[in-house]
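Visitor: Here the protein sequences line up with chains A and B, keeping their order.
In terms of my numbering, the first sequence opens at residue 14 and continues consecutively.
In terms of my numbering, the second sequence opens at residue 55 and continues consecutively.
Some hints here could point you the wrong way.
[Unchecked claim] Short, incomplete list of chain B residues facing chain A, as computed with Cβ under 8 Å:
(1) N167
(2) Q172
(3) V181
(4) E198
(5) A221
(6) W239
[What the hints assert, rightly or not] Derived coverage of chain A by chain B (criterion: at least 3 residues anywhere in the stretch with Cβ under 8 Å from a Cβ of chain B; other residues may be distant):
(7) 284 to 293
(8) 377 to 390
No lab work stands behind these hints, which were simulated from the structure alone.
It should be emphasised that the depicted structure is a prediction, and the values quoted were computed from it without experimental measurement.
Each residue gets a CB set at the ideal place from its N, CA and C atoms; glycine is no exception.
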Amino acid sequence: MASVDAPGGHGTRAQGALDALHGLSRYSLQRWRQGELGALPVILGLIVIAAYFQSQQSSFLSARNLSNLVLQIAATGAVAVGIVLVLLLGEIDLSVGSVAGLCSAILGVLIVNHGWPWWAAIVVVLATGSAIGAFQGAWFALAGVPSFVVTLAGFLAWQGVQLRVLGSTGTVNVFDPHISQIAQSYLPAFWGWLLGIGAAVTYASSLWIGQLRRRRAGLATAPALVVGARTLLVVAIAAASVEVLSRFNGVPTAGVILLGLVVAFALLTTRTRFGRYVFALGGNAEAARRAGVNVARIRIAVFALAGFMAAIGGIIFTSRLTAASTQTGGGTFLLEAIAAAVIGGTSLFGGRGSAWSALLGALVIGSVSNGLDLMAQPPEIKYMVEGAILLAAVTVDAVARRSREAAGR
Amino acid sequence: MPVDKVTQKGGDTSEAAPLERRPILELRGISKRFGAVEALSEVDFEVFPGEVVALVGDNGAGKSTLIKCVAGTHMPDDGTILFDGEEVRIHTPSDATRLGIETVYQDLALCDNLDVVQNMFLGRERVASLVPPVVELLSELEMEKRALDVLESLNVTTIGSVRTRVAALSGGQRQSVAISRAVMWTAKLVILDEPTAALGVAQTEQVLALIRRLREQGLGVVVITHNLHEVFEIADRIIVLRLGRRVATFEHATTTPEDVVAAITGARGQAA
């Protein structure tokens with residue numbers, strides 16, 4: 014239309030922009046209808062939370078506090094990554110808190126009481142976490158006991174083992190410098206910037222190269238506006254994070270570890286056969302079985318990975334507190350990890366979600382907890398607010414699921 | 055590669071009268087008992103390439119049992135199965151798949167949360183080694199292109215984007231995806247269990263057109279159905295089971311619905 018009214022370059026350019034906008038809105042509408050909102054709601058939620066706490070307490074967005082926030086969420090986020098995988102299957106793992114606690118205890122006792130080198134203790138602890146997960150997964154996958162029950166039993170039993178390992182003193186102080194550096198060291202500004210720029214460039218180029226290859230292959234591509242917006246968003250987040258964190262001590266090592274794990278699991282779930290089968294099992298286990306997928310093997314592997322991530326959470330926890338105690342991995346730790354996965358957008362009903370939701374959800378939970386602490390609110394308020402946020406997230410999940418089902422027919 | 059046979063097969067068939075050629079699948083004297091119940095007794099059955107056979111019969115007539123014997127879910131107690139002229143034993147569903155027999159069950163076995171391409175390649179994903187042999191990444195582009203080719207060759211045009219999740223598709227589209235998936239891997243025989251049972255008029259027409267296209271491509275097609283109207287629309291031959299026996303066979307051209315109903319209900323038996 015526009016080109017008819019106004020001939021020449023101006024008209025066609027307007028027409029082009031109009032087409033692009035039209036394509037963009039149709040694309041977004043389609044995704045919206047299919048219940049594919051991705052990370053958008055969580056990111057908006059995070060902005061609202063940050064704005065609120067900043068208005069209440071101007072130190073919330075300070076470099077020191079944000080750096081602290083990263084350290085606060087590192088352990089929860091790592092465990093939540095494992096939970097995401099389990100939730101994708103449509104299952105639950107209630108034992109990860111106890112497993113993290115047990116792994117922390119084993120790490121402390123091996124290094125302090127038995128004089129093991131730090132790296133050997135870490136290897137043993139990672140193997141222990143994975144073995145526990147595989148054991149529970151096998152119990153669920155082969156014996157057919159619901160994962161809820163198996164891991165509830167594990168929740169109690171591994172806590173018992175944790176107490177036994179720690180013995181009568183109940184606390185082991187772990188001052189090994191290698192261990193404490195995990196959660197207490199920072200990347201120098203140069204390396205922080207290198208990492209941030211490297212990550213942003215890798216992400217953006219893989220995104221654009223992917224689109225280019227699709228176009229060359231004659232396949233449908235996402236609107237350039239969408240890809241451009243996504244690139245800008247990621248570059249902005251990377252630059253802002255590094256800039257702010259560098260103003261304090263630098264990018265925390267634990268944050269780098271968490272980010273690396275999230276990226277690794279994001280690739281595992283979306284780019285490999287294993288990940289595809291995890292989604293398939295969460296969507297329709299019978300269909301996957303008929304398609305020749307080894308259902309039991311995938312299930313056991315997922316629980317083993319959840320145990321592995323619980324062990325990593327335990328290690329980060331030990332490093333942060335420079336101690337392994339009877340309290341490690343207890344309290345609200347387990348529920349915060351599960352809440353993080355769900356708040357971040359991974360469905361409790363299986364088959365929908367992303368490793369990134371662990372990071373985003375942990376940021377939401379961590380921000381709320383951190384912000385309420387800054388406002389000197391007592392724990393009871395924290396529990397109530399976190400409970401309300403979890404309920405809201407699950408409700409969004411349930412409503413989205415219903416609308417998807419309604420749209421299906 | 056079995057995947058390429060769909061396109062190779064196009065056009066070279068169904069000129070000659072199917073009965074003069076060798077059946078792609080032939081069952082001889084198949085019997086199956088479940089305890090005291092004789093589900094099938096000495097059933098013969100044959101499908102020719104480029105032919106649509108409707109397998110009809112009342113509930114409990116033995117249709118599903120017969121199909122399951124071919125699909126590898128049941129083992130017949132007695133009788134022989136010949137596939138492409140050679141005697142075969144089908145112990146498991148994967149035996150059947152390996153021979154080139156694909157079964158699309160009523161529940162379709164699709165993952166709602168996966169998209170069309172992911173469903174079509176489920177369990178048989180194409181991968182490329184990144185760090186051989188440890189890290190293998192999915193070859194999404196290759197799979198998407200192949201899926202598009204298959205859907206196009208079958209003239210399945212109603213699906214907007216092959217990256218749509220199956221949950222968002224209509225019943226007819228889902229059935230089309232399930233059938234396309236089966237056809238993509240098999241070259242020879244497709245068994246469809248009640249393919250239109252849950253569909254509306256327009257969607258049924260979509261699926262029937264797809265079945266005709268399978269025939270044009272030279273596949274043998276067996277359709278289990280209760281819908282006689284549909285039987286007369288697509289079937290070349292109609293085989294009637296009653297109480298575990300094959301009681302009648304009709305050529306499409308020379309029969310009426312009344313004859314078929316009579317055979318199904320047992321009001322009148324008719325020799326094959």
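Visitor: If a hint holds in the structure, say so; if it does not, say that too.
Guide: Status of the hints after comparison with the structure:
1. N167: 4 Å, holds
2. Q172: 7 Å, holds
3. V181: Holds: closest Cβ of chain A sits about 6 Å from V181 of chain B, inside 8 Å.
4. E198: 6 Å, holds
5. A221: The hint holds - A221 of chain B has a Cβ within 8 Å of chain A, the shortest such distance being about 5 Å.
6. W239: 10 Å, violated
7. 284 to 293: holds (count 6)
8. 377 to 390: Our answer is that it is violated, as 0 residues pass the Cβ test (under 8 Å) against chain B, missing three.
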